[in-house]
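A.B. asks: Whole structure, please, built from the sequences with the hints as guidance.
So the protein lines, in turn, are chains A and B. Start counting at 1 in the first sequence, then tack on 3, and there's your number in my numbering. Start counting at 1 in the second sequence, then tack on 31, and there's your number in my numbering.
Take these hints with a grain of salt, some might be off.
[Unchecked claim] Lysine-lysine pairs mimicking DSS-like chemistry, simulated, CA-CA at most 25 Å apart:
1) B:LYS307 / A:LYS180
2) B:LYS257 / B:LYS321
3) A:LYS62 / A:LYS266
4) A:LYS178 / B:LYS385
5) B:LYS321 / B:LYS406
6) B:LYS295 / A:LYS180
7) A:LYS178 / B:LYS307
8) A:LYS208 / A:LYS266
9) A:LYS190 / B:LYS307
Don't read these hints as lab results, they were simulated from the structure.
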Amino acid sequence: MNTRFYSLFCLVFSIVLLSQNTMAQLKIERKIIIENEQYYFFTIDEETQLATLHTGSVKDKIINARKFQMPIGRELNNEFNPLCFDINNGQFIGINWILNSMNSRYEALKIITLKDWLKPHPEWTNEDWAQVSFNQPTFAPNEPWERMLDENNVLENCYFDMVKTEVPSMAICNKGKLYYWEYRNDKWINLWSVFTNVNSFSLVKRCNTSGFYFIGGNGDIMIYSEKDSMLLALGNVFHPKEQLRKNILAADLANGCLLIIDKDYNKTYTIASQTIVAEQFNSLNKIINESALKINL
Amino acid sequence: MKYFTILFICVCSTFLGADAQDFVYNFQATEVKFLGVGIIAIKHDSSALAYSTAHWRNTGLREPAGWASGSTMNATANFEFTCAKAPDSISIRGFGNDTINLPMRTVKLNAGAGKFTCVYPVSAASKAFAAGVVNYYAPFNIFWEISFDKGLTWYKADTTDHKIYVTKSAPMAETGNFKHFHTVLELSCKNAKGQTTDTGIISKCWSEFTDQVVLNHKGDSLFYYKTFNTSNTTLPLLLRNKNAQCYTFAQLFAALIKIQGINKPNNYVFITPQTKTSPCGNNINRFLVKNWKFGIKSDSVACPSFPYRNTYSGSYITATGYVFITADATDQTGINGSCNNNPSSFFNNHQICKFDGVYYDACYGVKFNALSDIKTTAFDAWGVQLAPNSYNFTTDMSQADLRETITTY
Chain A
4 MNTRFYSLFC LVFSIVLLSQ NTMAQLKIER KIIIENEQYY FFTIDEETQL ATLHTGSVKD
64 KIINARKFQM PIGRELNNEF NPLCFDINNG QFIGINWILN SMNSRYEALK IITLKDWLKP
124 HPEWTNEDWA QVSFNQPTFA PNEPWERMLD ENNVLENCYF DMVKTEVPSM AICNKGKLYY
184 WEYRNDKWIN LWSVFTNVNS FSLVKRCNTS GFYFIGGNGD IMIYSEKDSM LLALGNVFHP
244 KEQLRKNILA ADLANGCLLI IDKDYNKTYT IASQTIVAEQ FNSLNKIINE SALKINL
Chain B
32 MKYFTILFIC VCSTFLGADA QDFVYNFQAT EVKFLGVGII AIKHDSSALA YSTAHWRNTG
92 LREPAGWASG STMNATANFE FTCAKAPDSI SIRGFGNDTI NLPMRTVKLN AGAGKFTCVY
152 PVSAASKAFA AGVVNYYAPF NIFWEISFDK GLTWYKADTT DHKIYVTKSA PMAETGNFKH
212 FHTVLELSCK NAKGQTTDTG IISKCWSEFT DQVVLNHKGD SLFYYKTFNT SNTTLPLLLR
272 NKNAQCYTFA QLFAALIKIQ GINKPNNYVF ITPQTKTSPC GNNINRFLVK NWKFGIKSDS
332 VACPSFPYRN TYSGSYITAT GYVFITADAT DQTGINGSCN NNPSSFFNNH QICKFDGVYY
392 DACYGVKFNA LSDIKTTAFD AWGVQLAPNS YNFTTDMSQA DLRETITTY
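C.D. replies: So this is what it looks like as structure tokens:
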């Protein structure tokens, strides 16, 4: 009896340890996107630089997410720039920023149909995956990167992000100058550029109106003012009820936050990264209801 | 392991309260620890974790220690002492290299099972490491001596051997993939020993790369593309796997400079073909590093400016080489890279260092005074992708130039 109890205890203890280990390893890149009641987010392997897609129903526990290796990734060197991506009608659109002597930064803007990559390829090595990633179709040349280098080829606090709404949009900053581009009619158009002290940021489409805003790594929300030709920091963008929750969660948010882009209901939330890690035994819907902050923009 | 047992005969009737007689003592060090302000927390190459706090044990442990020049070493040590009748206390001192000595300390003997133990307490060395000079002690020996009469008479006891690195200034803080790795300290301090200036240190550290044989602190080869398809691109992965891409050798060279506390911003250069030229409808995006052999021109009509065409399917870069279906350009034994006479040579980009206007290519151990020198000296061809699963090449190097993107490692 005692032996059986001890064995059961060891088994449960091992499972708990394993679960905690799995949870601790979950470092989500930048944002979670919801489309057609499915969520999509990515993690990056800290050696191979390759991305893993995590996906599932918003009603299911995060811990039960299906995981798929993807031919995409980002570098681990230099300043920390999380994976740049969007999910649009089942397609990944983003920047393959794997550091490799065969990966072209000029050809790094990739478009991938997700369902094409749901079949595992156990016969492929990590090196094969990297090569496959470089050969993925390029939807446009990376002109925003090249033109930024034309102005200044010394990188310092260089960050970028991309989203796809009506058209692909890209923002890139280097040495305090932020450039905003849209890809229209097979051509990149630089709509504006501005000097700012923004560092890391994510580009987010506004829910209530057209245009975009920038959410900095520290949670600051900024918007480009055409009238003033400058980036303006916005004050309170949360509902009073949310503001109270924000105050409670301030410490957690300061340790890193993620975006949740709900394309089904045209809503955007921010949430503390560690909340997702800690709440993996809950569904994303439940997590949003209990712990996310809706951004009213 | 150096297990130094000294037998000595002494007359110690004073403290034994007996007639003069001969005694045989066995006195040996069991552990030495270094500490002190500014001691460098050296990291294992294999794990990036810090070494343990003990630096020497008689069980064989040998761990390196390092300080910035001008710092004063502190040390503590444990000893074992066997003797039928021992005094209550003894005095211990140590003599190190360059008259960096450990002062006399009188310590109590603690009785144990058949032996006595004592602890040489944490003590500052008699003088600091010479200021402003890189040093490398391999070994730094401490000759321990003991006295039974409070320092009037000294007897040789044990000797402990250590590896000690002294950097010119405090190393730059660890950030990202720059850590205070054992091999970084070893290569930097060994090569730059005696140097007092930044330019002297850079020059001497560079000499590690010029023979294309870069070894880690154990003497193991660090290979530039031991396998053609390696995807290791960070310094920690080079040191752990000993096989990596160009990024890592540039990072290693920059790290040898940073570990000396030398701050040289804009030292890391990413080079890739400029995208201004679009032969036959696409941008030049590849280059071939020497040596490649060029045969027939399959596309002399379709794309006369890039007439050589290679085709492939899937993952055409294997561990042992390139697997093309058809090949007008074939890889030959090339320019030596670190520990490899035929490294990978088909690239989109390459990484080098830049110090004081000079480009240092640590992978191949060569320097360039101008960016434009690289293509003429090291390249055989430019490449362009005109269709999926194929590349076209030209040996006319005037068709493109390199673009540099500069960051700070």
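A.B. asks: Are the hints correct? Go through all of them and say.
C.D. replies: Hints versus structure:
1. B:LYS307 / A:LYS180: 23 Å, holds
2. B:LYS257 / B:LYS321: 17 Å, holds
3. A:LYS62 / A:LYS266: 16 Å, holds
4. A:LYS178 / B:LYS385: 20 Å, holds
5. B:LYS321 / B:LYS406: Judged against 25 Å, a Cα distance of about 10 Å means the pair holds.
6. B:LYS295 / A:LYS180: 23 Å, holds
7. A:LYS178 / B:LYS307: 24 Å, holds
8. A:LYS208 / A:LYS266: 10 Å, holds
9. A:LYS190 / B:LYS307: 16 Å, holds
When the structure is compared with the earlier hints, no violation turns up for any of them.
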